[in-house]
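Undergrad: Residues per chain, in single letters:
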Amino acid sequence: MNVVRKIIEKTGWPRLIIGLFLLSLFILAPFVGVKISTSLKDTVVRFGMNGILVLAMVPMIHSGCGLNFGLPLGIIAGLLGGTMAMELGATGPISFFIAILIATPFAVLFGWGYGALLNRVKGGEMMIATYVGFSSVAFMCMMWLLLPYKNPTMVWGYGGTGLRTTISVEGYYLKALSNFLKIEIGGFTFPTGMILFVAFLCFLMWLFLRTKTGTAMTAIGSNPVYAKASGIKIDRIRTISVILSTWLGAVGILIYQQSFGFMQLYMGPFYMAFPAVAAILIGGASINKASILNVVIGAFLFQGILTMTPSVMNSIIQTDMSEVIRIIVSNGMIIYALTRVVKGARK
Amino acid sequence: MKKLQMKTILKFAENNAVPLLFLVIVAFGIPLSGFSMNYLVQEIIVRLSRNSFLVLALLIPIMAGMGLNFGMVLGAMGGQIGLIFITNWNIVGLPGIGLAMIISIPLSIILGWMTGKILNKAKGREMVTSFILAFFMNGVYQLVVLYGMGTVIPISNSSLILSRGYGIRNTVNLINIRQTLDRLIPLKIAGIQVPVATFIVIVIVCVFIVWFRKTKLGQDMRAIGQDMGVAEAAGINVEKTRIIAIVLSTILAGFGMILYLQNIGTLNTYNSHEQVGMFSIAALLVGGASVNKGKISNVFLGVILFHLMFVISPMAGKNLIGQAQLGEFFRVFVSYGIISIALVLYAYRKLRAKELSGSALANAQEEK
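Taken in order, these protein sequences are the chains called A and B.
When we follow my numbering, the leftmost residue of the first sequence carries the number 13, and every step to the right adds one.
When we follow my numbering, the leftmost residue of the second sequence carries the number 38, and every step to the right adds one.
Honestly, the hints are just simulated from the structure, not real lab data.
These numbers come from a predicted model, not from an experiment.
The C-beta atom is built at its ideal place from N, Cα and C for all residues, glycine as well.
Heads up, a few of these hints could be off.
As the list claims (entries may be wrong) - Sample of chain A residues at the chain B side, in silico, Cβ under 8 Å:
hint, residue
1, Gly136
2, Val144
3, Cys153
Using the sequences and the accompanying hints, generate a full structural model.
TA: This is the structure in structure tokens:
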């Protein structure tokens, strides 16, 4: 009995409920005529699409900046990279890497400024991060209208100025990664390239966390006083973590787009931080602790719920409640994490 | 003497940077928009009567040191559920408004109590927690209104129900109570409609808040806002008082939402409450309030300045660049930007004060 209680305590009720919920969806699926194999494949694709956006949470959690609700800032860097690569006329899969290349300086610049800001507001990072994300998205809404893009596939047909709300990346980097080494299994294409790329970046992050800088980052997150006493330059390391998070956000959205096929501008990135935050928390992270395993498990569980609920629920009660369930699950998980008492010296 | 004057002016400018900035924006925007003065005055009076109550709901948690209550959205949901019921029962006019308020009270108490409990577990992270809580409860609200009403909760009025047989329609026409309070005491000054009765209600709330500050409970809240540890040591039940602060704010927000919607006349079942939190908070901050300081004067100044900006920016954008959409994006940007600036300033000052007191302590020890 004690063992069970301990396991429950360690996983936490919400995580347990979400896990059981997903399990019951998988059990129910065959009875209501939903093919598990298709759902699993969809889950894999969505996992690949969102994996890096979830991974982007890791550096900032490690350095004690909390959950990166300012992810839209990184996404904007990615959008700038994508649109500029298209504007420059890069086509085909290579444009994906050009997009990353162009996005990088923006991500570094944004991340640096964002990090400098967060260093001045220690203790209130998360709320400010949220609003930095929101206001940068709103600011870019004006910029998308005003920036002098010319490529006819991107600008509004009638006015000739201002970017469209959704831009197709067909002919540019559509499936640039997904189609690499793809494996066809019974009408479904396994996006080997995308999964490999995600795994590669996760591995790099795993390596990075074991370098000197990475260890310093973890030290700040778990005990800032101790970190300061052992001579770690807290502000510098924190800035690096924010830049890293922002860059991963930029790469993450490009991976998302190459699989999804469209680029969503204007209010598109507005709420994109929340699913990523929820996913890593479901995977077992807390607001100052996260591992790569949390990312993988979390992205998989969360995307699993998102793919399974509409199909299974639809078959059972003939209505699509998935949106409501998504809202409750993701935000419920975030609230749970925020109300946990953080062990360590973080105050 | 002159130097001293300069200093006071600078100090004034520093303390009121946000309202002054807005004054400049509005001063540039009004001529650009090309609206007549009469139109603008009418708009401001309408918006003052519509929004002030909601913004006033934010003051009590600020007093208790809990920051900006993003959870006021929960109160707004309670108010909306009240309105759905009175529309269902076809209750007309002032009794309808009254009944909607009465229905919203227990809902607000439950929701507020829950918010308070959760925020007590997240001390120091109240704002971000209440912010996410609003999203979370939005899901629950949708569950109740979109799936529960018409199935578990009986709704007899078929004009409210979606064609599939259950769930409330996206828009609910509040014709029964539309502007009944605003038009209760008609007054027209130089062609401008003034909703006297609504303003009387708003004044009553202001008086209530002023009175409340002086009560024992209000003093306790202020003590908690100053220093939670000291208040606890002084024998104040911190957790309970904080819950009461949030419950009061939630109830007021519910009332505020009902007044807001009786002025507008239609309820967007799934959207009305979403924006209310952000706009109320932005308005309060524009009025010069901050995360730990809020006065009644901030509310009115803020509503006037913020909504002036809101009214003029699409037209100003159109006349300036030829795109009304740009002005719309601009006002969204300003709403979010202003909240960001206020949050940053507050956190920055708090951190600096902490560092200063830390180094002062170190100096004092060295001198010994």
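Undergrad: Just to be careful: measuring from the Cβ of valine 144 (chain A) to every Cβ in chain B, is the smallest value less than 8 Å?
TA: Hint on valine 144 (chain A): holds, closest Cβ of chain B at ~6 Å, below 8 Å.
Undergrad: Against chain B, run the beta carbon of cysteine 153 (chain A) and see if the smallest gap drops under 8 Å.
TA: holds (4 Å)
Undergrad: Does glycine 136 (chain A) hold up as a contact with chain B if the rule is Cβ-Cβ below 8 Å?
TA: Hint on glycine 136 (chain A): holds, closest Cβ of chain B at ~4 Å, below 8 Å.
This entry satisfies every hint, going by the numbered hints stated previously.
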